[in-house]
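Enquirer: Chains as they are written, first to last, in the UniProt record's numbering: chain A, 1 to 134; chain B, 1 to 134.
Please note: incorrect hints may appear among the correct ones.
Repeated chains share a single entry, so a pair holds when one copy, or any two copies, can fit it.
[To be verified] Think about it this way: if two alpha-carbon atoms lie no more than 27 Å apart in a straight line, the pair counts; the simulated DSSO-like pairs of lysine-lysine are:
| hint | residue 1 | residue 2 |
| --- | --- | --- |
| 1 | K71 | K114 |
| 2 | K71 | K108 |
| 3 | K108 | K122 |
| 4 | K52 | K114 |
| 5 | K52 | K122 |
| 6 | K71 | K122 |
If you are wondering where the hints come from, they were derived from the structure by calculation, not from laboratory data.
What follows is the residue order along each chain.
Protein chains: 2
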Amino acid sequence: MLGRVNHVAIAVPDLASAAESYRATLGATVTSPQALPEHGVTVVFVTLPNTKVELLEPLGDQSPIAAFLAKNPDGGMHHICYEVEDILAARDRLRQAGARVLGDGNPKIGAHGKPVLFLHPKDFHGTLIELEEV
Amino acid sequence: MLGRVNHVAIAVPDLASAAESYRATLGATVTSPQALPEHGVTVVFVTLPNTKVELLEPLGDQSPIAAFLAKNPDGGMHHICYEVEDILAARDRLRQAGARVLGDGNPKIGAHGKPVLFLHPKDFHGTLIELEEV
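Bound-form chain A, shown alone (with noise of 0.2 Å):
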């Protein structure tokens, strides 16, 4: 079922400083700033060549990530995303295998513009995973 991992998400309490010493330091590319109010967070993307890391800073005052980043102030690995080919059939074998998939079960847009889901951590020995359907 799963797929390619589609991105590994990394959320920082300052964008500009962590995309800088990804560039600067890490001698990696990284884009612009983008800024997604509908999932309360500004992301860039470091673009690797076999995959890709989102950097994520809260933005809003109901950031997703706020909560994690009171937790772990420095930042730190937020969750990972898969690809799969079909997010409903996913989300059914999930359940059925007993484990909780997070909101109302229904996929929302992602930042790629593509359904995503996430499962619950506790049911994934403390992993956020993301699935998105390509």
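Once you have looked at the hints, place chain B on chain A.
Expert: The following block gives chain B in isolation, referenced to the frame of chain A:
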């Protein structure tokens, strides 16, 4: 400087249960457990089309992931490993930029038989970064 994401490492308290959940629930290909006493971990690889996820369980009394699991008893994303072409050149460049390389700064032979170094998470927004020469 950064090349491919070689792997994303996830520390788990129970490797057999985690491997089964990636295999049966998430439908991924998972290798057999490999004990790496010199690294203080037992590992399985979740093989994905573009990269891999390493699931790590502590092995022995001096496991380098024991403290992480004490803080995150459910498990969680532990580090991300990027490939570099020349690990000594990467180390020197990072040090010149003020980043801290863990240990004595001499690459060790990692789980894949290649030279590796780890960078201080405080210098990279809370993320533990491994560099592996390929």
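Enquirer: Tell me, please, which holds for K71 and K108 at an alpha-carbon limit of 27 Å: within, between, both or neither?
Expert: within (26 Å within a copy, 32 Å between copies)
Enquirer: If the cut is 27 Å between Cα atoms, do K52 and K114 qualify within a copy, between copies, both or neither?
Expert: both (16 Å within a copy, 23 Å between copies)
Enquirer: Check K71 against K122 for me: Cα-Cα at most 27 Å, and say if that holds within a copy, between copies, both or neither.
Expert: For K71 and K122, the Cα distance is within 27 Å both inside one copy (17 Å) and across copies (15 Å).
Enquirer: For the identical chains here, do K52 and K122 meet the 27 Å Cα criterion within one copy, between copies, both, or neither?
Expert: both (25 Å within a copy, 21 Å between copies)
Enquirer: How would you label the pair K108, K122 (within, between, both, or neither) given a Cα cut-off of 27 Å?
Expert: within (21 Å within a copy, 33 Å between copies)
Enquirer: Is it within a copy, between copies, both, or neither that the alpha carbon of K71 lies no farther than 27 Å from that of K114?
Expert: For K71 and K114, neither the intra-copy (29 Å) nor the inter-copy (34 Å) Cα distance is at most 27 Å.
In this structure, the one hint that does not hold is number 1.
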